[in-house]
Amino acid sequence: MSENAQLNEIVGRGYQHGFVTDIESESLPPGLDEDVVRKISAIKREPAFLTEWRLRAYRHWLTMREPEWAHVRVQPINYQDLSYYSAPKAKTDGPKSLDEVDPKLLATYEKLGVPLHERARLAGVAVDAVFDSVSVATTFKDRLEKAGVVFCSFSEAVQKHPELIERYLGSVVPHTDNYYACLNSAVFSDGSFVYIPKGVRCPMELSTYFRINAAKTGQFERTLIIADEGSHVSYLEGCTAPMRDENQLHAAVVELIALDHAEIKYSTVQNWYPGDENGVGGIYNFVTKRGECRGRNSKISWTQVETGSAITWKYPSCVLRGENSVGEFYSVALANHHQQADTGTKMIHIGANTRSTIVSKGISAGHGQNTYRGLVKILPTASGARNFTQCDSLLMSGECGAHTFPYVEVKNPTATVEHEASTSRISEDQLFYCLQRGIAEEDAVNMIVNGFCKSVFKELPMEFAVEAQNLLAVSLEGSVG
Amino acid sequence: MLEINALQTRIGDKEILRGLNLTVKAGEVHAIMGPNGAGKSSLAYTLAGRPGYDVTSGSVRFEGADLLALAPEERAQAGLFLGFQYPVEIPGVNNVYLLKAALNAARKHRGLPEVDAFEFLTLVREKMRLMQMDEAFLSRGVNEGFSGGEKKRNEILQMLVLEPKLALLDETDSGLDIDALKVVANGVNSLRSADRAVVLVTHYQRLLDYIKPDVVHVLARGRIIKTGGPELALELEARGYDWLLADAA
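Protein sequence lines correspond, in order, to chains A and B. Using the working numbering, read the first sequence as starting at 1 and increasing by one per residue. Using the working numbering, read the second sequence as starting at 1001 and increasing by one per residue.
Be careful, since some hints might not be right.
With a cut-off of at most 20 Å between alpha-carbon atoms, the simulated EDC-like pairs for lysine to aspartate or glutamate come out as follows [as the list claims (entries may be wrong)]:
#1 A:Lys454 <-> B:Glu1144
#2 B:Lys1151 <-> A:Asp429
#3 B:Lys1100 <-> B:Glu1114
Hints in this document: simulated from the structure, not taken from any laboratory.
With the sequences and hints as input, model every part of the structure.
So, in structure tokens, the structure goes:
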């Protein structure tokens, strides 16, 4: 850290302490200006470099406009109507017991096979005894600490490892990157932080599921994962059961950094509230996810199963800077009812002999609109770079749509780029074949759809793969036609 | 076991079956032969309940129950099996997975618990040996990249595992070389028993050399126009169908 930054930090710290008790217990009123940004930073007792960074982002955001190129229809968002900080909900706010929780939600948990005690937590039941998970979480913390792995909330990392934050924050997704990432940079509330030291293979899969203290991170999450030289980590993100989040806008940023010989595997199962059958309500999921293979022989692999949100707008990408580095993107995106998904990836080849693989499976049902948008860019420096893209769409109704926008820019003649694409309708022949073997229609549809997604599901960690299959089944209920 | 009475069907506006009568008793093997476009495959699809094959009149009783009132999967669970002429590929779905789901659906219908994984594999392996199939088939996608002959063997394998009461085999012999034909016939013969029945739809007498039918029918113009013993198939092989069609006209 530079001397200047250190100084700022100390100054900032002193300044901010005074605020804490005043503000921590209250919510900020709706609206966004520099003062709000400062207050958020103050509440979180952030060092000055971070406050300044947020302000730079905010000022830049004012000069930007919402992107309009995505293949989605968005209701206008009034950013002055949103509240950018709310104190943690009091325990008395939530339902007191499972009896008070929407039975429809509980039925879904049951179908997903979420354990009973977890159902209560996911449904937001205010219970004081925090289940088995606490002891589980503690055991996990011990093991991780022994290995030297840092896995904590973003806010905690700001306090305990400011030098890592200052060095890496915004180094993959700069605060100027895009409208939503810029907004996130100004007002992000919390998120996850992971640092894997040199040569360490993280002893377990890291999952937000276990990180109780950040269960409610709000709509502007920030995640930063750093895999130091020769390290390895597998990170699982997401709700394994649907969260009925009332927030309309979810604008998260995820940054991954892999140094020499390091490997990061990032898996997401996203199942936010998609709105009802008529397209009313639901989350706008506008997320910026990007990983940089900064070191030689490093590898970043994204696997995502997207079944929720009214609108999904995300492109987990890889910047392949280090020689021989590898980027992968495996995706299943489902758009049912009136959902709209515009998702894909960007593979930016900078280093020599970099390789990337893209496998995208889009499923459209009901009136759903599913768009794959992908960019493969081979820069002049990327001699011997290779990409393989496979992009398949499955249509399940007459009213849905599948769209594919592949962009390929090759500036090095030694590169190899392959693209395969297909669009198919769920075939009556396949369905009848299964029925004739005595398999019920809904089971048959699930079987066929799961078969279609197999090459992605096999990339998911075992338990996640099972959940993803169940999730797809629940999301597709009654969608045959 | 199967009683078809004055069955009339159509696909869209096109009349297919025009008053077809057929009775198959338990323990019997029937062969249905006939010229192209006579309605042989349509009969098989209609019995299996394929959408688009509309019954306009007539009745079908299967084991005493009204077959036409059942959904396709219920017909299958009740013990009706259709060996497809062109088995469809289902990419990414393992053969063994489909097979197990099908067997469990049938067991559930009979009030039995789900099959034990070990017993299931033992059963499947035994049937695969009979069909001279390599075990690698199990982990491949359903019919995915199979040759024509492999697909037909796979149909018979499914039949052997599911042990249906009535098997309708739609041109299971087409596209098979003589060795594969013997294997397939062997499989079908192994299922023959006093409480089961088989209906073979075929163009060729050749299959009937290996699976001896009790009754041979000629289906033409949407009806059974002639019924006889195994010798009828030989006569058809020698004389074709024209003489029968002239009689029927």
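Here is what the structure says about each hint:
no. : hint                    : in the structure
1   : A:Lys454 <-> B:Glu1144  : holds (14 Å)
2   : B:Lys1151 <-> A:Asp429  : holds (15 Å)
3   : B:Lys1100 <-> B:Glu1114 : holds (9 Å)
Every hint from the earlier list agrees with this structure, and none is contradicted.
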